[in-house]
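Need the complex rebuilt from these two chains, each delivered in its own frame; the hints are there to steer you.
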Amino acid sequence: MSSTTNSPTHHTSTIGAIGAPSRRNTELALLIFAVVIPVFAYANVGLAIDNRVPSGLLSYGLGLGLLAGVAHLVVRKFAPYADPLLLPLATLLNGLGLVVIWRLDQSKLLQAIGQAGDKAPNQLMYTAMGIALFVVALIFLKDHRVLQRYTYISMVTALVLLLLPLVPGLGLPVYGAKIWIHVGSFSIQPGEFAKIVLAVFFAGYLMVKRDALALASRRFMGLYLPRGRDLGPILVVWVISILILVFETDLGTSLLFFGMFVIMLYVATERTSWIVFGLLMSAAGAVGVASFEPHVHQRVQAWLNPMNEYKLSRSGAPGVHSEQLQQALWAFGSGGTLGSGLGQGHSDLIRFAANSDFILATFGEELGLAGLMAILLIYGLIVERGVRTALAARDPFGKLLAIGLSGAFALQVFVVSGGVMGLIPLTGMTMPFLAYGGSSVIANWALIGVLIRISDTARRPAPAPASNPDAEMTQVVRP
Amino acid sequence: MSELTLTVMRLGFLAVLWLFVIVAVQVIRSDLFGTRVTQRGARRDAGRPQQAARQAAPPQQRGQQGGGRQRRNAPTKLVVTEGTLTGTTVALQGQTITLGRAHDSTIVLDDDYASSRHARIYPDRDGQWIVEDLGSTNGTYLDRSRLTTPTPIPLGAPIRIGKTVIELRK
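Protein sequences appear in the order of chains X and L.
The numbering of the first sequence is my numbering, which starts it at 15 and goes up by one.
The numbering of the second sequence is my numbering, which starts it at 13 and goes up by one.
There could be a bad hint or two in this list.
What the hints assert, rightly or not - Pair ranges (Cβ atoms, derived):
| # | chain 1 | residue 1 | chain 2 | residue 2 | range |
| --- | --- | --- | --- | --- | --- |
| 1 | L | T161 | X | L257 | 56 to 64 Å |
| 2 | X | L390 | L | P166 | 47 to 55 Å |
| 3 | L | D124 | X | V174 | 40 to 48 Å |
| 4 | X | A297 | L | T98 | 33 to 41 Å |
| 5 | X | K156 | L | R41 | 29 to 37 Å |
| 6 | X | G83 | L | T160 | 37 to 45 Å |
| 7 | X | A43 | L | N150 | 47 to 55 Å |
| 8 | L | R41 | X | I153 | 42 to 50 Å |
No lab work stands behind these hints: they were computed from the structure.
Just so you know, even glycine gets a beta-carbon here, dropped at the ideal spot from N, CA and C.
Excised from the complex, chain L in its bound form (with noise of 0.2 Å):
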């Protein structure tokens, strides 16, 4: 085989290699999943956050309930702010959502203070998302005070489980 042949096998070859090394970069590049974060800058009304989040850019009207029934600030996905799983979040599409140290739980807590099946987030009848507390140890505590009957989340209200606080919003 001639030695130019060789070289440009050698060469071609080395080309090749970097060629898939790219490619695979590339792959990494556009393979976005997970959470999307969106800074919307800091334009609220002092003092009216609630007001504000109903007023600021509209919301991806993603997993709604068919049939009209979703009414207009009705939450689409929960989100943990506090504890070991910060930032996960969860597409409320009218599943129900159980929280606790279980395997099987939609969230699984890793905390020392959370029951194996400690609560769970359910839509009723109207689309309006309830937190009911499952005999849990520790207590689920909407705000301050702590759920004895189930309750009707209001939108950006802390539930807090043990070390976690997760939120419902739009």
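For reference, chain X alone in the conformation it holds in the complex (with noise of 0.2 Å):
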């Protein structure tokens, strides 16, 4: 950060507090623009499809207006100082994923197959009661240091969340991936809760034990190599998403959690040596998991060659084949550059899962690749903004579970957006805040609410002045 030697042939560096602004009312600029583009690209798509404006224009805008408003006016109520771009960010997000849904809703190919027809009013619902969890996470978590009592709490409910879709008769295959449970008429994807659960044990874990971690080490090829003792918690927490991923057959959680762990090790220990293992370690599990375990090796196999996987799927040839890659695939094509426009695309022909796990091959088809990489900054944008929440956190809990939360979202849309465009096999996944799915939303809401929380604390300015109890209590009696 700074040269603070004192050495007088040296440079010197003098470092001072900038009083932060509270940034309130850029946020509120920022989100009116987070509104209304999703109702510019709502109408943009009624237009293109029925040939005049959606009839449902001015509730969306307003359900989203509203929801955003709430929102903003919780923040601006329980964390003045909060970062003023993530809930314009995470706003624009979820509208442009509402429009996109609402779009796919219009497909007769959709609607036929059961896919589509009443999801952009459920979504909107699952948006609401997203941004009621991130209300309530600003409300009552007024100190995210609070959450460190809870380290090992967490760990176990991470892990109860984790298992629960392999509880007989609860857990629910979808497509072969067991990251489903039935609960009544709902289905939950517990991972979506579990990674940020998992983010607040590996900061409580790994603030108390990072030193053994980073300075038990020998130095060897210019790499610091921990102590064998040392490698447990990495061996544990390997071994357990092995164990997802030869149960639960999925593997972005898989990747997710194993990936998280490494970013916080290294960031907690600064040691390189912690990714080249943990890079080392995922690619052996990957590659032992997929040549035994028939599931993940057919996912691996549609991977490599989408083409033939699409044949297999049209001759009807026997076994689960799937021509949504290679659709996915094609859906990028056609959308060239500048894209089809919105509402004039053909990705509908993705079938099964075009609104969640494919919904970028929509943006990517009607946005063209101009609209998809704005849509991946946004995406970095966020990820840019919990990093810098990380460096400005005053405690070492705050700053480990900052950087945790934004490396699972980043990791998790590299995961999502590599497996829709075919360059690492396909996961369950789902995207943040754009796919179809309730558990994504609302466990994507809390984590920018946590965000939020632990960004209001570290831009706050120094407490005001407080008088001194000992300087009043005591009288000095002076001779």
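Shown next, in the form of structure tokens:
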């Protein structure tokens, strides 16, 4: 950060505090912008599909605006110094997601297979629930350091959440991946919530243990090699993530948790060797599991030869074959640089999960490379604000928690967009805020809530001068 | 809807989307907070750092206590110079600063050698800043000596708590 040396021959720096303005009005202006863009998109979709401005324009605009307004007022009241960008960026993504889900609702093809029709109103309801959780998080979590008390409770909670889909009768395999549970008529993806709880556990655990992990090491070929017994925690997390991969057959969840741990370990200890170990271990684990677990193996095959998979699916070959990935790649390709325009693409050919896991393909086709880059940049900005919050936080727990949450967010965006674009094998996770799905939207709003709370604490100026009780109570009698 | 209108809307939407991204980046550009580092250059007299520091560029007289009680050489901030929190500053505005591993400390130390309520730094009636060890296990050191009583802090003297070193600066 700064050289604070006292040596008279060196350049010297002074460090002073900059009083942070609260930036709430900036947030409000950006928030209005972030609500207007989806309304514009909504009108655009209606004009393209039905030749008229959709009748629901006012109610959708008002609904999104109302939710954003409530969130803004709560931030203004309970976290006045919070980061001004997190809320508008998340609102914009959520709004664009709503519009594209509504656009896919209009597709006759998706309506015919029950994948669309009434998804947008549902998503608006989930958004409301997400904002409600965001509000609750901001009101009841006055100080993020309280979470530190629940380090080991968080560990147990996260493990339970991760194992829930494996409970017979509760778990629900969806096309091979067992990451869903059924409660009544709802289906929930507990992994989405587990990522927040797990970040709390990792932050609390690493804060205590990081000295042992960082200092006790030998130097070998420019790398710090940790002692054998210090490898324990990373091995345990690795084994758990491999077990998730084997039993829930979901590469995304597994990669997300192991990756988040490695990122936090690196940030906590400043040792590059952890990243090297982490990459080697995850590569070995993924290759090992893919070679004997049929579902994972099949996903890898579909990733390597999407065209072959498409032909098998079309010819009705035995086994589960999906043309989704090839259709998504065609969607990206036909979008080109500037896209086909909202409502004028054919991404509904993806059929299954076109509005959840594969929603990015619709963005790619209808907004083109230019629009997709803007969307990915908005994700990047959210992550950047999270990392900036971690840098500014004054307590190590807050630093680690902020970096863990933004790291998990970044990994999820990478895993999903990489899967849809054919860079890595496809997983069962969803794009945060854009994709249709209650668990995802609600959990990510809670994640943004926690980040806003940490950023408020980090940017709050030093407390006002308090009168010194000693000076007031004591009367000094001078002779 | 005519082809032209739809094309205009398509390009217009992309433009608006990018405008949002650019505005957001502009907000980040103007969103400076935290610590400000000012390079002063190497114009100090060798061997007299303390003296030179007093003569150097006029300090920002921020956070002054009223009533003219503030002495001319009073420190205005506390700077962490070693340890995990290196670079952290706290403005000295007459408030008591607590140091320790407890979560409610002003500076939360993440250090196995620090006690939960390790030390505090406060101004006495004359505005002189005092450091007091709060019965810590491993002690608080001013320069090389372990503190036993509340002690006034000279400007720029290192206070060591475990692996963390802090100083008061102008």
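Comparing the hints with the structure gives:
1. L/T161 <-> X/L257: 56 to 64 Å: Between L/T161 and X/L257, where Cβ atoms are some 58 Å apart, the hint holds.
2. X/L390 <-> L/P166: 47 to 55 Å: 53 Å, holds
3. L/D124 <-> X/V174: 40 to 48 Å: The hint (40 to 48 Å, Cβ to Cβ) is violated, given that L/D124 and X/V174 are roughly 31 Å apart.
4. X/A297 <-> L/T98: 33 to 41 Å: 35 Å Cβ-Cβ, so the 33 to 41 Å window holds.
5. X/K156 <-> L/R41: 29 to 37 Å: Given a distance of about 31 Å, which is inside 29 to 37 Å, the answer is holds.
6. X/G83 <-> L/T160: 37 to 45 Å: 58 Å, violated
7. X/A43 <-> L/N150: 47 to 55 Å: 51 Å, holds
8. L/R41 <-> X/I153: 42 to 50 Å: Violated, at about 32 Å.
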